[in-house]
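Sequences listed follow chains A and B, in order. Following full-length UniProt numbering from start to finish, the first sequence increments by one per residue and tops out at 293. Following full-length UniProt numbering from start to finish, the second sequence increments by one per residue and tops out at 396.
The hints are simulated quantities; they were obtained by calculation from the structure and are not laboratory data. Just so it is clear, CB atoms sit at the ideal spot from N, CA and C, and this is done for glycine as well. Hints are not guaranteed to be accurate.
Below, a list of computed lysine-lysine pairs in the DSS-like style, where the Cα atoms sit at most 30 Å apart [said to hold, decoys possible]: (1) K155(B) with K13(B); (2) K224(B) with K195(B); (3) K220(A) with K393(B); (4) K127(B) with K189(A); (5) K228(A) with K127(B); (6) K264(A) with K385(B); (7) K109(A) with K224(B); (8) K127(B) with K109(A); (9) K256(B) with K308(B); (10) K155(B) with K220(A); (11) K195(B) with K109(A); (12) K264(A) with K148(B); (13) K127(B) with K167(A); (14) K393(B) with K282(A).
Covered by chain A, according to a simulated footprint, are these stretches of chain B (three or more residues, beta-carbon under 8 Å) [what the hints assert, rightly or not]: (15) 123 to 133; (16) 198 to 204; (17) 225 to 233; (18) 255 to 265; (19) 285 to 299; (20) 358 to 366.
Where chain B lies over chain A, by a calculated footprint (3+ residues, C-beta under 8 Å) [to be verified]: (21) 57 to 69; (22) 90 to 102.
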Amino acid sequence: MSVLVNKDSKVIVQGFTGNEGTYHASQMIEYGTQVVGGVTPGKGGQTHLDRPVFNTVQDAVDKTGANVSIIFVPPAFAADAIMEAASAGIAVIVCITEGIPTKDMIQVKSYLSDKNSRLIGPNCPGVITADEAKIGIMPGFIFRKGKVGVVSKSGTLTYEAVDQTVKAGLGISTAIGIGGDPIIGTTTKEAVELLMNDPETEGIIMIGEIGGGMEAEAAKWIQANGTKPVVGFIAGQTAPAGRRMGHAGAIVGGADDTAAAKMKIMRECGIRVVESPAEIGKAMAEELSKLVK
Amino acid sequence: MNIHEYQGKAILKSFGVRIQEGIVAETPEQAVEAAKQLKADFNSDWVVVKAQIHAGGRGKGGGVKLAKNLDEVKQRASDIIGMQLVTPQTGPEGKKVGKVLIAQDVYYPGESETKEIYMSVLLDRAKGRNIIMYSTEGGMDIEEVAEKTPELIFKEEIDPKVGLQGFQARKIAFNLGLTGEANKEMVKFVAALYKAYDTTDSSMFEINPVLKTSDNKILAVDAKVDLDENALYRHKDYLEMRDFAEEDPTEVEAGKSNLNYVKLDGNVGCMVNGAGLAMATMDIIKIAGGEPANFLDVGGTANAETVKAGFNIILQDPNVKAILINIFGGIVRCDRVAQGVIDAYKEIGNIPVPIIVRLQGTNAEEAKKLIDESGLKVFSAIQLKEAADLVTKVLS
Numbered sequence: 001m002s003v004l005v006n007k008d009s010k011v012i013v014q015g016f017t018g019n020e021g022t023y024h025a026s027q028m029i030e031y032g033t034q035v036v037g038g039v040t041p042g043k044g045g046q047t048h049l050d051r052p053v054f055n056t057v058q059d060a061v062d063k064t065g066a067n068v069s070i071i072f073v074p075p076a077f078a079a080d081a082i083m084e085a086a087s088a089g090i091a092v093i094v095c096i097t098e099g100i101p102t103k104d105m106i107q108v109k110s111y112l113s114d115k116n117s118r119l120i121g122p123n124c125p126g127v128i129t130a131d132e133a134k135i136g137i138m139p140g141f142i143f144r145k146g147k148v149g150v151v152s153k154s155g156t157l158t159y160e161a162v163d164q165t166v167k168a169g170l171g172i173s174t175a176i177g178i179g180g181d182p183i184i185g186t187t188t189k190e191a192v193e194l195l196m197n198d199p200e201t202e203g204i205i206m207i208g209e210i211g212g213g214m215e216a217e218a219a220k221w222i223q224a225n226g227t228k229p230v231v232g233f234i235a236g237q238t239a240p241a242g243r244r245m246g247h248a249g250a251i252v253g254g255a256d257d258t259a260a261a262k263m264k265i266m267r268e269c270g271i272r273v274v275e276s277p278a279e280i281g282k283a284m285a286e287e288l289s290k291l292v293k
Numbered sequence: 001m002n003i004h005e006y007q008g009k010a011i012l013k014s015f016g017v018r019i020q021e022g023i024v025a026e027t028p029e030q031a032v033e034a035a036k037q038l039k040a041d042f043n044s045d046w047v048v049v050k051a052q053i054h055a056g057g058r059g060k061g062g063g064v065k066l067a068k069n070l071d072e073v074k075q076r077a078s079d080i081i082g083m084q085l086v087t088p089q090t091g092p093e094g095k096k097v098g099k100v101l102i103a104q105d106v107y108y109p110g111e112s113e114t115k116e117i118y119m120s121v122l123l124d125r126a127k128g129r130n131i132i133m134y135s136t137e138g139g140m141d142i143e144e145v146a147e148k149t150p151e152l153i154f155k156e157e158i159d160p161k162v163g164l165q166g167f168q169a170r171k172i173a174f175n176l177g178l179t180g181e182a183n184k185e186m187v188k189f190v191a192a193l194y195k196a197y198d199t200t201d202s203s204m205f206e207i208n209p210v211l212k213t214s215d216n217k218i219l220a221v222d223a224k225v226d227l228d229e230n231a232l233y234r235h236k237d238y239l240e241m242r243d244f245a246e247e248d249p250t251e252v253e254a255g256k257s258n259l260n261y262v263k264l265d266g267n268v269g270c271m272v273n274g275a276g277l278a279m280a281t282m283d284i285i286k287i288a289g290g291e292p293a294n295f296l297d298v299g300g301t302a303n304a305e306t307v308k309a310g311f312n313i314i315l316q317d318p319n320v321k322a323i324l325i326n327i328f329g330g331i332v333r334c335d336r337v338a339q340g341v342i343d344a345y346k347e348i349g350n351i352p353v354p355i356i357v358r359l360q361g362t363n364a365e366e367a368k369k370l371i372d373e374s375g376l377k378v379f380s381a382i383q384l385k386e387a388a389d390l391v392t393k394v395l396s
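Using the sequences and the hints, build the whole thing.
Rendered as structure tokens:
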């Protein structure tokens with residue numbers, strides 16, 4: 001068992017032959033991910049990284065049985081790529097692309113509402129199930145197989161949390177980078193729910209940031225349904241209101257989406273919230289050691 | 001991207017939204033000419049002189065004044081142009097006013113009473129859909145209305161599959177208590193407003209107030225328009241609406257080097273890869289006893305060049321007493337960052353503040369070796385906690 005992706009996942013890369021696609025596909029293959037091919041319109045029939053290139057996602061699915069896709073196409077074409085993957089029946093679509101117009105994502109979300117596809121991202125580092133499959137851009141070598149699941153809006157902050165967790169003597173089941181845009185395919189709550197239901201996961205690290213209400217929604221769900229310890233961190237305690245902090249979604253608009261408000265509601269819902277990002281791994285280790293006793 | 005009221009109104013008008021007409025002026029003389037023109041075109045005896053800055057609450061700060069004759073126009077315009085306008089949204093230092101909008105008087109007396117309405121179009125993040133938010137309590141601070149009388153705020157959700165429907169526009173007009181001609185005018189106004197929002201890829205429209213005039217016209221008296229920067233490639237004609245005078249010059253310079261920089265008030269500068277880790281680094285500076293001087297994300301493609309640019313930008317801030325570089329190498333390789341630090345240090349010559357470099361991830365060991373063998377006076381750290389302790393140490 002694992003969440004979203006595992007060693008049997010058959011992965012295609014959309015934007016396969018571009019710089020980003022080529023580099024990260026190689027890294028994914030090196031990690032052991034079953035990359036079965038890629039899609040670049042107009043380059044169908046060619047071979048790239050010893051794998052077949054297809055003109056359409058449907059072709060790739062028909063010929064390879066792919067069930068996971070990772071998208072590296074530029075922002076202007078990314079919404080189209082997500083919808084193409086969904087129409088071809090891809091189960092898990094991971095979109096790395098940053099900078100997709102909000103209007104395009106409103107249409108994507110609406111399009112996906114009656115499809116059987118789960119979108120992760122966009123503007124995210126991807127998903128990794130340690131030692132099985134890396135569908136993303138994260139540095140694989142920091143991950144060690146274990147029992148801690150990670151949900152995060154941020155890339156490098158995820159790596160930071162993972163690194164601390166591993167150095168605290170623990171390991172990672174699945175880490176899900178959900179993305180930092182205002183509209184994303186899988187919410188914090190949905191990702192937490194997946195990990196809560198995963199028998200391999202014993203503890204969950206939930207990393208959020210200023211902006212939006214997803215952490216509060218997840219916290220309330222955890223209070224009602226949680227069965228595993230959750231350690232939380234919210235980035236942007238020192239961020240001023242009204243200024244966008246890098247991520248398109250990271251902006252304090254009102255009293256409810258400040259770091260302080262989110263940390264308060266998470267604590268009220270029974271989550272172990274750390275003030276310092278340097279304490280994430282240590283706090284998880286402490287919470288898990290309480291379980292053993 | 002925020003734009004000025006006069007630019008926002010020009011966009012609205014191009015989509016058939018009725019607006020309070022006006023002419024922009026940069027000098028008192030231009031203001032007088034503008035007022036004469038408004039008299040000729042719209043028979044407006046009085047005009048309103050409105051400061052054009054990217055912040056709300058302009059009236060409260062004295063940036064919006066009524067002028068009843070041409071002498072008053074000249075006087076008001078010369079008072080406002082060049083003033084340092086302080087509003088609840090500008091911060092205590094205020095913003096310098098470069099332009100005023102000379103706008104027609106729309107509160108003229110007539111057959112019925114005028115009525116101020118609030119209306120905005122924005123994204124509901126939780127639903128992933130646009131909504132039209134509106135209230136009978138126009139002309140006031142909407143957050144105050146939301147707090148005191150939330151029942152007076154209505155929301156209409158737009159289904160992206162079909163867009164705004166006629167029944168929704170009618171519902172808005174009736175909920176606002178409008179009847180007769182004003183009701184019909186509001187239906188047209190809402191339809192045109194949403195079309196403008198949708199077509200221009202806007203992130204937010206806030207029209208406060210929308211006015212029902214004494215002769216039952218519906219028009220936008222103000223226009224706060226925020227365009228989605230990610231979609232500007234589809235609207236290249238709007239790019240020239242960007243007003244660099246409204247932005248921090250260091251932030252503009254950083255943008256030219258593809259650095260995502262936000263200036264803050266603290267004493268410890270930071271340079272980080274990734275927005276989330278950058279925010280977390282700001283937080284850890286505070287916990288370590290400092291205050292963050294900036295947000296700076298060097299991005300996923302950081303190299304010696306961009307890191308050097310980051311250094312130069314942080315060092316422009318005289319409040320900076322120390323710099324923390326925090327890089328977790330995934331896409332970006334730590335050795336490249338280390339080389340950037342070394343090159344920048346050597347080029348700048350003598351950096352007057354202590355530097356803490358924390359490099360972790362891809363090629364971290366090579367990076368550390370590069371730093372250690374460079375002979376530079378930098379504190380190095382591997383763990384985030386160590387970096388925080390070093391911040392505390394250099395500040396004390």
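Results for each hint:
1. K155(B) with K13(B): holds, 24 Å
2. K224(B) with K195(B): holds, 16 Å
3. K220(A) with K393(B): violated, 40 Å
4. K127(B) with K189(A): Between K127(B) and K189(A) the Cα gap is close to 14 Å, so the pair holds against 30 Å.
5. K228(A) with K127(B): holds, 28 Å
6. K264(A) with K385(B): With a Cα-Cα distance of about 24 Å, the restraint between K264(A) and K385(B) holds, given a limit of 30 Å.
7. K109(A) with K224(B): Satisfied, since the Cα-Cα distance of roughly 27 Å is no more than 30 Å.
8. K127(B) with K109(A): holds, 9 Å
9. K256(B) with K308(B): Given that 30 Å is the threshold and the Cα spacing comes to 13 Å, the pair holds.
10. K155(B) with K220(A): holds, 24 Å
11. K195(B) with K109(A): holds, 20 Å
12. K264(A) with K148(B): Holds. K264(A) to K148(B) sits at ~23 Å (cutoff 30 Å).
13. K127(B) with K167(A): violated, 39 Å
14. K393(B) with K282(A): holds, 23 Å
15. 123 to 133: holds (count 6)
16. 198 to 204: Coverage by chain A holds for the stretch 198 to 204 of chain B (3 residues, Cβ < 8 Å).
17. 225 to 233: holds (count 4)
18. 255 to 265: That given contact holds, which follows from 3 residues of the stretch 255 to 265 of chain B lying within Cβ reach (below 8 Å) of chain A.
19. 285 to 299: holds (count 7)
20. 358 to 366: That given contact holds, which follows from 3 residues of the stretch 358 to 366 of chain B lying within Cβ reach (below 8 Å) of chain A.
21. 57 to 69: Since 0 is below three, the answer is violated.
22. 90 to 102: Contact hint for the stretch 90 to 102 of chain A vs chain B: holds, 4 residues under 8 Å.
Going through the hint list in order, the structure does not satisfy hints 3, 13, 21.
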